[in-house]
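Given the coordinates of chain A, assemble chain B onto it according to the supplied hints.
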Amino acid sequence: MNILIIGGTGFIGQRLVRKLHASGENIFLLVRPSSLAKAKNLFSNLAGINYLRGDIDQTDLLSDVGQTEKVTHQIECVIHLAATYRLDISPSEAYLKNVIGTQNVLKFLSRLSKLQYFHYFSTYAVNQVLEGSVLEDQLISGNSHFYDEYARSKNHAEHLVRKLAPKEIKTVIHRPGIIIGDSSTGERDKNDGPYYFFDFIEKTKKIIHLMKRIKILPLPVQKESLMPVLPVDILINWCSQIILEPPQRPLSCYHLVPHNKIHTKEFLQLSIDLLNSPLKIICVPFERAFPAVFKLLNLPSQLVFYMKQTATLDRTQLNRDYPNLIEPHFKNFLPNIIDAFLRNKT
Amino acid sequence: MKEIIKINFGSSSENFDEVIEMNGHQIHIRSLGVNYNVDIALDLIRRYSDECDAFALSGFILDIKLKNETFSHQVVKRIKEAAQGKPVLDGNMLRKTAIPWALRRYLEVDKHFLSNKTIAFYTGLVQWSYLSFFEDLQCPMVFGDLYFSMGIPASIKGLEGLETFLKINSPFLTRLKIDKKVSRDFSASYTQNKIMQPFFDADIFFITESQLKFTQLNDLKGKTVIVDRLDKENEDKLFNAGADKILNLFPPDTHQPRLSSSVIEAILTVTSESIGLTEEDILHNLQKTQIRPQLITTGQHHHQDDRFAFIIHPLAKSQIAQIPGLDFLKKSPLLDFAETIASKVPGYHYCKISGIKSEFSGKEISGDLYLLPSTPKMLLNRPTEKVYESLTTICELAHKRGAKLIGLGAYTKIVGDAGVTVNKRSPIPVTTGNSLSSAATLWAASYGVDKMGLVSKNGTSYDGTCMVIGATGSIGKICAKILAKQWKKIIVVAPRPYKILELVEVLKHFAPESEVVGTTNPNKYSSQCDLIITSTSAQGERVLDINLVKPGCVICDVSRPFDISLDDAAKRPDILIIASGEVDLPGDVKIEKTIGLEGETVYACLAETALLTLEGIFESFSISRELAYEKVVQIDRLSRKHGIRLSNIMGHTGVITDSEIASCRKLALKKVES
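Here the protein sequences come in this chain order: A and B. Reminder that position 5 of the first sequence reads as 5 in our numbering, one-by-one numbering, no gaps. Add 346 to the 1-based position in the second sequence for our numbering, that's all there is to it.
Same shape as in the complex, but just chain A:
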């Protein structure tokens, strides 16, 4: 299959490129002209990758007119995972990159004559719903309350995908959970999500004598809070299965999160133990305390949602369409993640 990947140099993207390349797919990569050299270097050991210069910021994705003809008659599948991801992103930046970028990609799809599949990478956070259960075909209104601008922009972008993706092709929306490093090597790119927390625990070690006395860590976590953490290699394994054997409905949407629920408290406690800290988490259920405690701990305030959310993410469609996915257990992969984290520190 001729696959065009947009956002192939990112954390998830580069792993997906390698995986699909290894399965013998013909890969086209859309790369900003400024990062072409970087991309070629990154995939120097992969033969036969077609690099296309272009930018999703531009209405016309492909800046190199010479390539256009070739591309529009070959591409059968487009995977769009380019997005700006930072919790403290400004509303305008999030909008320009994630919403307009996606709108430009959608426009571009209509020019591809052989296109059959469009895979769009969203996030489970598009529904920042705290309680109950979130269905795969559910998408809350763009004017709901969001804890961070990234989630809001991804919500708006997914609304657009659902509305504007060409009706004659099959569209698949992937909604990954919180993606962390590799489950066996722990390898990762940057610190976010749970890594903020690891950093914090490491810092407390400087005052280890005091900590040994205190022994408790009051955290504004709710007992039932859930954390859909997924190692990147598992995500790639699942996504590649979905991409190589795509569902045949006009629109499918999957929550790519672990089947077995991970309780935030349990997960964080195990991280603390693995980091050899004597602290025991106690849950502080005071809603009002959240922002203040976060400030005190030097954690981004946008993490509040991730500490508070108890909603379960429905996986009915995924389970039905792909019943044989490998399921990780956090007790097995967390030690490797923490090991790698400590190795990188030193």
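Keep in mind that the hints were calculated from the coordinates and are not lab data. Incorrect hints may have been included.
Unchecked claim - One side only, chain B facing chain A, incomplete, derived with CB under 8 Å: (1) S358; (2) N361; (3) N383; (4) D385; (5) I386; (6) D389; (7) K503; (8) V801; (9) A974; (10) E976; (11) V979; (12) K987.
As the list claims (entries may be wrong) - Computed far set for chain A versus chain B, every beta-carbon distance over 12 Å: (13) Y51; (14) H73; (15) F108; (16) N143; (17) A157; (18) H209; (19) E245; (20) L299.
Unchecked claim - Under the rule of at most 30 Å between Cα atoms (straight-line distance), these lysine-lysine pairs were calculated in the DSS-like manner: (21) K750/B / K331/A; (22) K870/B / K676/B; (23) K308/A / K432/B; (24) K265/A / K834/B; (25) K709/B / K167/A; (26) K265/A / K797/B; (27) K261/A / K831/B; (28) K834/B / K163/A; (29) K750/B / K163/A; (30) K770/B / K803/B; (31) K423/B / K523/B; (32) K163/A / K583/B; (33) K203/A / K114/A; (34) K583/B / K167/A; (35) K709/B / K170/A; (36) K163/A / K977/B; (37) K540/B / K578/B; (38) K803/B / K280/A; (39) K223/A / K987/B; (40) K38/A / K345/A.
On a predicted model such as this, the values are computed, not experimentally measured, just so you know. Ideal placement from N, C-alpha and C gives every residue a C-beta, glycine not left out.
Frame of chain A; chain B shown alone:
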């Protein structure tokens, strides 16, 4: 190619990116919604000021010009700066001419449309460009501006009043925050006062498309509403508020793309040879367009609704006497005779069920109930072909009344091949509602187990043992699959060993965490089970020795006739025996006549028909005796989505109350102790 960027202050989910051809020019229009965030709007204008030829604003206006007062919001200056000299259009120049012209066109056919009518404007300031037209016609005007922009529930009378309002408040209005998603509720109780009353008393209400999106309407019963444009969502909103008629000034034209006034202005600007847009350009353009305002009345609207139909019938001959007009039969010896006669009567429209409203999408639907006056005895004894004929006739009737789906209630789905033949002959799809019936029964089972509170729960999974008797049958298999995912241990029972072996293998693969045991003898394990589902075709023969069952067990008897006899049930008051689950429909549901259940409670199979209509699935979803696991899971998901919930659990003899469950639990605990 000319580039136009439309900045829509409303939702980004209406974004589009299209190339159109107009006046011989190729024009690329991109609409970007900023969700009322002015900073994003300004950033976008800055970002695109080099690339595009003009900006069109939607949901925001630049200058307000009344007779003696001019006004502009402080953001306007920043917008013009950000645009760096590129034209920014808000559509008012076009509206100023087009709206009065469209109204004039309509007045030609309906001369007295505006005579002696008071006209209310939700925000006179936003609608300033065409107010003078109404003044020329000497229509009394009243404005909701005080409430709309400042939250003060008072109306303003006349154009002079509006000018005074603007004069006094302009320092405040220029700084009014736009970021705040203003959503004024004109139906709120605190607006119901004497000063606001003249506004509500108006005969005609004028609201623009974009205001309508974020305004909660007052009661519009008997009122006429004028709108500049109308989509389906807004049409529903207006009619739901009770509006009698809507005058849509610019209905969609198949010859022209649907463009907002500001975009048309922008197109005229970029294609015009003169510098800047002039009234001359607009006049020239309007001369080429055809404007045909359209009046929509309530009757036309309801015709387009999604409707469903459902067939009910009396469950006992005593219910025949409940049919209106036949109550004299109640104690009459003629009742048996009446039962036979009634079964020869063709089905007829019984009553309407309305107000079913999805909690997810807000879509509201209604349905018709058709009564086939045959008792179960008559249905099963009459020749099957005759029953098919009666049912098909009702389906045709329902189709004529606009139903898109029909459901078979109670015994009408048991007759013959369970709907297959009726579905073939019916002009609309037929469903039996069995998928939701099964789902509701399982809800009832978990509700029973939870209420009894004797099984510990780990998250959503039960730390106990359950049993399915008749597990290789259609319903049994589905129950087994669903329960295997929820329970620690499951025992499956069926008469044929080879079928059990096959099922055990399937279940082990399907739910690897659960312990699966297969047997042909339920009595061997019944003493350890916390939940037993029986779904057999034993035709009333005893399948289970009730004396061996664990105290506090919940038995869900899905078989008809029942597997657990009334005598058996009476022997063990410490066991909870459930026959089925009934459900509540979402919304303010009204059923015109009684169907034998209380309040909004309806049969699960009726609920399935309504649910499919809410979701827009018009297909024979559940048909024949075979059920599909996927469909039960899907219906379960849809129920949660649209807000269908369990209302009652039913035993052999009627609703099981919470106090009955409590006493059952008490007895069970006592028995365990002894």
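How the hints compare with the structure:
1. S358: OK, holds: S358/B within 8 Å of chain A, min 4 Å.
2. N361: Interface hint status for N361/B: holds (6 Å vs cutoff 8 Å).
3. N383: Holds, about 6 Å.
4. D385: Cβ of D385/B sits 6 Å from chain A, so the hint holds.
5. I386: For I386/B, the interface hint holds, since the closest Cβ of chain A sits about 5 Å away, which is under 8 Å.
6. D389: holds, 4 Å
7. K503: Interface hint status for K503/B: violated (34 Å vs cutoff 8 Å).
8. V801: violated, 19 Å
9. A974: violated, 11 Å
10. E976: Holds, about 6 Å.
11. V979: Hint on V979/B: holds, closest Cβ of chain A at ~6 Å, below 8 Å.
12. K987: At 6 Å from the nearest chain A Cβ, K987/B passes the 8 Å test, so the hint holds.
13. Y51: holds, 26 Å
14. H73: With a cut-off of 12 Å, H73/A remains clear of chain B, as the shortest Cβ separation is near 21 Å.
15. F108: violated, 10 Å
16. N143: Label violated. Min Cβ-Cβ 6 Å, cutoff 12 Å.
17. A157: Its Cβ does come within 12 Å of chain B, the nearest being 9 Å, so this is violated.
18. H209: holds, 39 Å
19. E245: holds, 18 Å
20. L299: Correct as stated: the minimum Cβ-Cβ distance to chain B is 26 Å, above 12 Å.
21. K750/B / K331/A: violated, 52 Å
22. K870/B / K676/B: violated, 49 Å
23. K308/A / K432/B: violated, 46 Å
24. K265/A / K834/B: Holds. K265/A to K834/B sits at ~24 Å (cutoff 30 Å).
25. K709/B / K167/A: holds, 23 Å
26. K265/A / K797/B: Measuring from Cα to Cα gives roughly 29 Å; hence the hint holds.
27. K261/A / K831/B: holds, 14 Å
28. K834/B / K163/A: Not satisfied, since the Cα-Cα distance of roughly 42 Å exceeds 30 Å.
29. K750/B / K163/A: holds, 25 Å
30. K770/B / K803/B: violated, 46 Å
31. K423/B / K523/B: Holds. K423/B to K523/B sits at ~15 Å (cutoff 30 Å).
32. K163/A / K583/B: holds, 22 Å
33. K203/A / K114/A: Status violated; Cα separation ~54 Å.
34. K583/B / K167/A: holds, 28 Å
35. K709/B / K170/A: Given that 30 Å is the threshold and the Cα spacing comes to 27 Å, the pair holds.
36. K163/A / K977/B: holds, 26 Å
37. K540/B / K578/B: Between K540/B and K578/B the Cα gap is close to 34 Å, so the pair fails against 30 Å, i.e. violated.
38. K803/B / K280/A: Holds - the C-alpha atoms of K280/A and K803/B are around 25 Å apart, at most 30 Å.
39. K223/A / K987/B: holds, 26 Å
40. K38/A / K345/A: holds, 25 Å
The structure fails hints 7, 8, 9, 15, 16, 17, 21, 22, 23, 28, 30, 33 and 37 (numbered hints given earlier, in ascending order).
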